[in-house]
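All chains, full assembly: derive it from the sequences and hints.
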Amino acid sequence: MFKYQTAIFIEDRSNGSMVGFCNGALVSPDYVLTLAHCIPDDLTGLQITVWFGALNISATTESGREINSVDFLFIHPEFDRASLANDIAVLHLQERVAPAPFVSPIRMAPPADVNETYQGETLRTCGWGARMDLGVLTEFSDILQFADNVGENITVCENYYATTPEFIIDETKICLSTTGARGPCKNDEGAPLSFQQDNTDTLVGLFALGNYTNCIRSAPVVYTRVASHWDFITDVTGLTPS
1 MFKYQTAIFI EDRSNGSMVG FCNGALVSPD YVLTLAHCIP DDLTGLQITV WFGALNISAT
61 TESGREINSV DFLFIHPEFD RASLANDIAV LHLQERVAPA PFVSPIRMAP PADVNETYQG
121 ETLRTCGWGA RMDLGVLTEF SDILQFADNV GENITVCENY YATTPEFIID ETKICLSTTG
181 ARGPCKNDEG APLSFQQDNT DTLVGLFALG NYTNCIRSAP VVYTRVASHW DFITDVTGLT
241 PS
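Those letters in the sequence shown? Residues 1 to 242, by full-length UniProt numbering.
Since the hints were made in silico from the structure, they are not lab data. Owing to the predicted nature of the structure, the values given are computational and were not obtained by experimental measurement. Worth double-checking, as some hints may not be accurate.
[To be verified] DEER-style ranges, computed between Cβ atoms:
| no. | residue 1 | residue 2 | range |
| --- | --- | --- | --- |
| 1 | GLN119 | ALA59 | 14 to 24 Å |
| 2 | GLY45 | MET1 | 28 to 38 Å |
| 3 | GLN119 | GLY45 | 39 to 49 Å |
| 4 | SER14 | ALA181 | 38 to 48 Å |
| 5 | GLU95 | ILE168 | 31 to 41 Å |
| 6 | GLY45 | ASP198 | 42 to 52 Å |
| 7 | SER242 | ARG124 | 13 to 23 Å |
| 8 | ASP148 | SER63 | 22 to 32 Å |
| 9 | GLN119 | ILE168 | 15 to 25 Å |
Built from N, CA and C at the ideal position, the CB exists for glycine as well.
Here is the structure:
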């Protein structure tokens, strides 16, 4: 269903233990988009592994799953970890991904969408982040989850997160409401936000910020806007809008 979805594992090279996790989106046979704040400042002794076509990340094996390695990556040159400004990164895959029944790149929102608020529109997020099960907050979801939420004006997120002034929430972000519905939570970072555009799934954002206290459903959530970063994406990948 979400052929572009990726699970990104940051692992200790010496023993394979997981030291970090993020979500991402396959945007071409060679590249994955994710958040810059998912990537440690120091990658010494670490390796990044990407899973495609996965549904249950706790399963040892799974039909349709493919595993790849990252041989190099690009962090937005103006990324700031404190403010989450320009929170986007591009991962280059060691092996080119071939088309498969459960694996396929997603189209990226074009630069023309840079001012689109998506206010009142329904968008979809998918990831393996935490969820509430019978009142208990889990760390991860073993099975890939998705949520449909409605776009809001960016001022809704600006006002909600005003008590955390270091975060920069501006037109390079997308704001969604989670009122009356479930939404992304911790360990959903980098989760692709898609929108049906011309009957095609289109990647418009990557989940960047939410209120992780018990995965509060009424809290608006913030995404890095893909359309705002085409200069960076084209510069490091050579990809152009389709």
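Status of the hints after comparison with the structure:
Against the hinted window of 14 to 24 Å, the Cβ-Cβ separation of GLN119 and ALA59 comes to about 39 Å, which falls outside the hint. Restraint check, GLY45 to MET1: a C-beta distance of roughly 36 Å satisfies the suggested window 28 to 38 Å. Under the hint 39 to 49 Å, the C-beta atoms of GLN119 and GLY45, about 45 Å apart, fit the expected range. Between SER14 and ALA181 the Cβ separation comes to about 42 Å, which falls inside the hinted range of 38 to 48 Å.
Checked against the hint of 31 to 41 Å, the C-beta distance between GLU95 and ILE168 comes to roughly 36 Å, which is consistent with it. The supplied range of 42 to 52 Å is met by GLY45 and ASP198, whose beta-carbon atoms lie about 45 Å from each other. For the pair SER242 and ARG124, the beta carbons lie near 20 Å from each other, so the given range of 13 to 23 Å is met. Evaluation of the 22 to 32 Å hint for ASP148 and SER63 yields a pass: the beta carbon distance comes to about 27 Å.
Range check, GLN119 to ILE168: Cβ separation about 20 Å, and the 15 to 25 Å hint holds.
Going through the hint list in order, the structure does not satisfy hint 1, though it satisfies all others.
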